[in-house]
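Chemist: Given the coordinates of chain A, work out where chain B should sit on it, guided by the hints.
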Amino acid sequence: MTLATGKVGIICCSGEDFAEGTISRVATRLVLEKLRPDQTVTLCLPLFLAGGEDERAFARVFPTIAVDGCGKKCAEAGTKKFSGKPVATVLVSEVMKKYPHLKVRSREILEPQEMELATKVAEEIAKKVDEILCKTAKK
Amino acid sequence: MENRKVVVVPCSGIGKSLGTVGRVATYKVIERMKPEKTRTVCLALLTMGDDDALRLVRKNPCITIDGCPAQCSKKNIEASKGKLAHNIVVTDVLRKNRSLKPEGVIELNDQGDKLAEIIAGMVSERVDEILPKEK
Numbered sequence: 001m002t003l004a005t006g007k008v009g010i011i012c013c014s015g016e017d018f019a020e021g022t023i024s025r026v027a028t029r030l031v032l033e034k035l036r037p038d039q040t041v042t043l044c045l046p047l048f049l050a051g052g053e054d055e056r057a058f059a060r061v062f063p064t065i066a067v068d069g070c071g072k073k074c075a076e077a078g079t080k081k082f083s084g085k086p087v088a089t090v091l092v093s094e095v096m097k098k099y100p101h102l103k104v105r106s107r108e109i110l111e112p113q114e115m116e117l118a119t120k121v122a123e124e125i126a127k128k129v130d131e132i133l134c135k136t137a138k139k
Numbered sequence: 140m141e142n143r144k145v146v147v148v149p150c151s152g153i154g155k156s157l158g159t160v161g162r163v164a165t166y167k168v169i170e171r172m173k174p175e176k177t178r179t180v181c182l183a184l185l186t187m188g189d190d191d192a193l194r195l196v197r198k199n200p201c202i203t204i205d206g207c208p209a210q211c212s213k214k215n216i217e218a219s220k221g222k223l224a225h226n227i228v229v230t231d232v233l234r235k236n237r238s239l240k241p242e243g244v245i246e247l248n249d250q251g252d253k254l255a256e257i258i259a260g261m262v263s264e265r266v267d268e269i270l271p272k273e274k
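Read top to bottom, the protein sequences are chains A and B. Start counting the first sequence at 1; every next residue gets the next number (the numbering used here). Start counting the second sequence at 140; every next residue gets the next number (the numbering used here).
What the hints contain is simulated information worked out from the structure, not anything from laboratory work. Computed from a predicted structure; not experimentally measured. For glycine and all other residues, C-beta sits at the position ideal for the given N, C-alpha and C.
Per the computed footprint, the stretches of chain B lying under chain A, defined by three or more beta-carbons under 8 Å from a beta-carbon of chain A, are:
1. 152 to 166
2. 180 to 194
3. 208 to 219
List of simulated lysine-lysine pairs, DSBU-like, C-alpha gap at most 30 Å:
4. B/155 / A/103
5. A/98 / A/135
6. A/97 / A/80
7. A/7 / B/155
Chain A on its own, in the form it takes in the complex:
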């Protein structure tokens, strides 16, 4: 197994029924597009669950972070079931407890407060990416 390319896969739940799912999705894209664009890739969870062999193979070989909206942890469970346990999980509902003043109201349109929360979640993901890559580099 080689981790020389220094990539971390991020798999988010994108839960459609809850605003936290939208936060998981936006936070993941913020990491990919702005915070750690050269160190991360994302995997499409529905494709992964539907049997996408490339996605499953990636998650078997590279370290992954699951980003879940709620305690049901579908992204973590799905990754574990088909490829192996994610190295870390970021739970939106847990991050929300640290910032009780940031309210989540809409599944569709992210207002400034919700974008701020998504940014906080993205920062937590980025921190995990750095920890994983640091450990990988030491090996």
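Modeler: Same frame as chain A, but now just chain B:
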């Protein structure tokens, strides 16, 4: 007994803007166009075999909106033995609306939103066709 609803299930593909188009179209339908007749379900939760989610898609007609020809939402509904009533693939709709250039995943550009609006209209029409048949 709770009234039947059409369950609108987008793939929410995160790699390209077309997954976001499907997701935005879904919210346009369930929150604004047909809130009394429709709802959604978390696709990942369904695929992981959650009992409530499985019951929902097996008892109610489902419309899937897939971003690309991989059709993950449709495949997952079928694998869950859900009642698939109709499937829309965003790339097919885009082919008929070539002037639109959807961009953005975090936030769709105006053309992406326009495409989502067209798809939401298609879904709404199907909802009205499906529910009378269910009575």
